[in-house]
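Numbering (UniProt numbering), first residue to last: 1 to 634.
Calculated from the structure, these hints are not laboratory results. One or more hints might be untrue.
[Claimed, not checked] Derived Cβ-Cβ restraints for the label pairs, each shown as a range:
1. GLU162 with ALA440: 27 to 33 Å
2. PHE615 with ILE555: 38 to 44 Å
3. PRO58 with ALA411: 33 to 39 Å
4. PRO456 with GLU162: 32 to 38 Å
5. ALA411 with THR122: 50 to 56 Å
6. GLY441 with ARG544: 17 to 23 Å
7. THR193 with GLY330: 46 to 52 Å
8. LEU51 with THR473: 42 to 48 Å
[Stated by the list, open to error] Mimicking SDA-like on lysine to any residue, the simulated pairs with C-alpha atoms at most 20 Å apart in a straight line are:
9. LYS49 with GLY268
10. LYS481 with GLY497
11. LYS49 with PHE290
12. LYS528 with GLU559
13. LYS481 with ASP536
14. LYS528 with ILE612
Remember, predicted model here, so these are calculated numbers, not experimental data. C-beta atoms are modelled at their ideal positions from N, C-alpha and C, and glycine is treated no differently.
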Amino acid sequence: MDDSLDRRTFLAAAALGSAGVVAGVNLLGPSAATGAPAPPAAPQFGLAKFLDPLRIPPVIQAHSRRYRGELTVTMTPARTRLHSQLPETTLWTYDGHFPGPTIEVRAGQRLRVAWANELRGTVPLVAVRAPYAVPTPANRPGYRAADGSLPAGVELVEGVAELPPWNAVHLHGALTDAGNDGWAHNGISPGRTQLTEYPNRQPATALWYHDHAMAVTRFNVHSGLAGLYLIRDDEEDRLRLPGGDHEIPLVLADRNFDTDPVTGALTGQLLFKFQYLPASGTTAPVTGPFTLVNGGVWPHLDVDARWYRFRVLNMANGRFFRLDLVDEAGVVHNDAVRIAGTDAGLLPSPAAVPAGGLTLTPAERADLLIDFGRFPGQRLRLVNTGASIEPDIMEFRVESRRRPEPFRLPAALSASYARLDHVPEDHDEVFVATTPPGVAGRPHPEMWELQEITDPPARFPEEGVIQLTDPATGNVRTFRKVARLFDDTTTIFIDRGRWVVWNLIQLGGAPHPMHIHMARFQLLTRHKFADLTAFDIAAGGTSRPLPAPAEGPPIEKHEQGWKDTFTLWAGEWLRVAGHFEDATGEFMYHCHILDHEDEGMMRPFVVHPPEISRFHMHPGNPGNPGHPPGHGGH
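Kindly produce the complete structure, drawing on both the sequences and the hints.
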């Protein structure tokens with residue numbers, strides 16, 4: 001039996017309150033392992049929805065006369081109310097704001113940023129492990145009994161309360177040399193400054209900056225260290241898209257809070273609650289029952305009856321959002337929404353929202369245009385479709401009077417966009433597989449770099465060896481795992497200026513939003529395995545070749561755009577192509593569910609000038625035809 005979940009099933013599970021599906025088990029749905037029922041519907045835990053206005057992060061015009069291309073952004077503690085009915089929450093922030101200031105730059109103009117660490121104390125959250133068990137689902141607020149004791153199965157996560165500030169800033173999606181990329185091991189302590197330079201040699205798009213320190217990214221980002229970074233260019237300017245007060249960031253996240261054990265009242269203290277199945281101990285990525293937009297819980301926004309532009313980012317550690325625009329009667333109005341761009345830039349033309357809503361997984365962005373001129377005097381909600389525990393995200397309150405509409409939706413957007421029908425024949429191929437928890441007894445999902453071999457073992461299954469049937473040729477191909485931990489030998493070396501096709505293969509368990517640093521990519525093909533039972537989880541290898549996957553769900557129009565994060569759903573084989581044309585050095589790629597990233601689903605790769613290849617040898621690393629050993633992927 002296939003142990004993975006399809007997209008719709010997973011999204012329903014994720015909307016319930018968990019981005020975690022472990023070996024096909026929905027941790028917040030009925031579970032054979034625990035006998036627990038699905039959690040009750042939609043408590044608001046004492047916070048009124050849509051009470052507070054949407055907060056807009058301050059904007060830094062990085063090339064203005066004030067800054068002239070050089071900024072200092074300070075990491076500092078702050079206390080703020082994430083909802084007016086909540087006590088203050090202690091956060092780690094950039095310049096005192098959560099999210100941090102939105103930094104705006106012009107394409108092609110260099111920006112230098114000094115990221116100054118003035119944090120103090122320890123990480124401002126409490127981390128616990130809690131079983132999913134009757135009577136309290138694990139993603140509810142609080143964790144203590146009324147007398148302050150820990151209930152059975154609940155425990156503080158050892159060491160988290162002592163974590164000091166140690167931070168590395170990564171500009172997600174930036175095409176910059178490795179020394180400026182925020183290498184995870186290059187964390188800085190308070191009193192130190194990370195100096196970076198961003199060339200901004202890329203088209204108009206929405207990037208975002210966030211903490212990327214090794215092993216503690218999930219805690220640092222959850223504590224508030226993230227913000228938007230917008231690149232502008234002439235092509236975008238000519239479109240005259242809604243701007244000024246009519247262009248608004250929507251940074252989506254979720255959080256949980258501690259409670260007073262006696263009164264049950266929310267304290268405002270961030271609660272990082274790992275959910276786990278008592279039978280196996282397997283954990284799921286952390287999610288919370290409160291949805292935040294721009295750092296406020298369930299806000300509202302008063303809008304004019306006209307077109308708006310929203311720069312949407314999923315900043316959550318692990319939650320998946322499936323977005324719909326609905327009215328007060330629950331009628332969906334996605335026909336009033338157009339997708340203008342994705343992670344790495346504008347689309348060639350506006351795209352409709354797919355049937356069933358627009359899915360954004362952690363780190364994905366969407367450039368949305370919404371026509372509120374169709375709804376004068378109405379209230380609309382942005383919702384997370386399928387959620388039975390508080391699907392609402394925020395409310396739009398449309399003014400009653402009609403206004404002259406200055407914007408006309410253009411038929412074409414990016415004239416510079418070109419769809420990749422194929423990549424040059426002289427390209428490299430990289431193969432990476434993700435595996436479910438439990439492989440060879442290891443508790444977490446893993447990410448394997450694969451090397452094709454021509455001398456398969458005499459017997460199957462063998463740990464780390466998988467056989468696939470190539471959908472293009474029908475031939476069986478055999479691969480051996482050559483790396484799975486971050487500190488394993490680097491196996492992927494890419495010549496600057498080369499096209500590389502990354503083959504991303506999901507062998508079971510939860511989906512993974514895969515982010516590759518340093519380049520922008522397009523999705524070439526999507527195939528899906530109908531049956532994954534050939535992969536023997538206990539043995540950690542295939543017992544027989546996986547059958548040829550069929551073509552997967554069609555590539556939607558908005559999925560054809562340039563991106564840097566691709567969601568690898570159950571049993572899928574994605575081929576994504578990128579051109580490593582500019583920056584060089586050692587970079588990272590990883591799952592952007594931050595619990596997965598910190599638990600080991602992250603690996604390095606190197607890009608260097610092609611002339612260096614002959615001098616840069618690593619024993620045991622395979623080469624491609626025409627390339628010295630150790631270079632060009634696998």
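Each hint tested on the structure:
1. GLU162 with ALA440: 27 to 33 Å: Since GLU162 and ALA440 have Cβ atoms about 32 Å apart, the given range 27 to 33 Å holds.
2. PHE615 with ILE555: 38 to 44 Å: holds (40 Å)
3. PRO58 with ALA411: 33 to 39 Å: With Cβ atoms ~35 Å apart, the hint holds.
4. PRO456 with GLU162: 32 to 38 Å: Given a distance of about 48 Å, which is not inside 32 to 38 Å, the answer is violated.
5. ALA411 with THR122: 50 to 56 Å: holds (54 Å)
6. GLY441 with ARG544: 17 to 23 Å: Once the Cβ atoms are compared, 22 Å apart, the range 17 to 23 Å for ARG544 and GLY441 holds.
7. THR193 with GLY330: 46 to 52 Å: holds (50 Å)
8. LEU51 with THR473: 42 to 48 Å: violated (59 Å)
9. LYS49 with GLY268: holds (16 Å)
10. LYS481 with GLY497: With a Cα-Cα distance of about 27 Å, the restraint between LYS481 and GLY497 is violated, given a limit of 20 Å.
11. LYS49 with PHE290: Within the cut-off at roughly 10 Å; holds.
12. LYS528 with GLU559: holds (17 Å)
13. LYS481 with ASP536: Judged against 20 Å, a Cα distance of about 15 Å means the pair holds.
14. LYS528 with ILE612: violated (38 Å)
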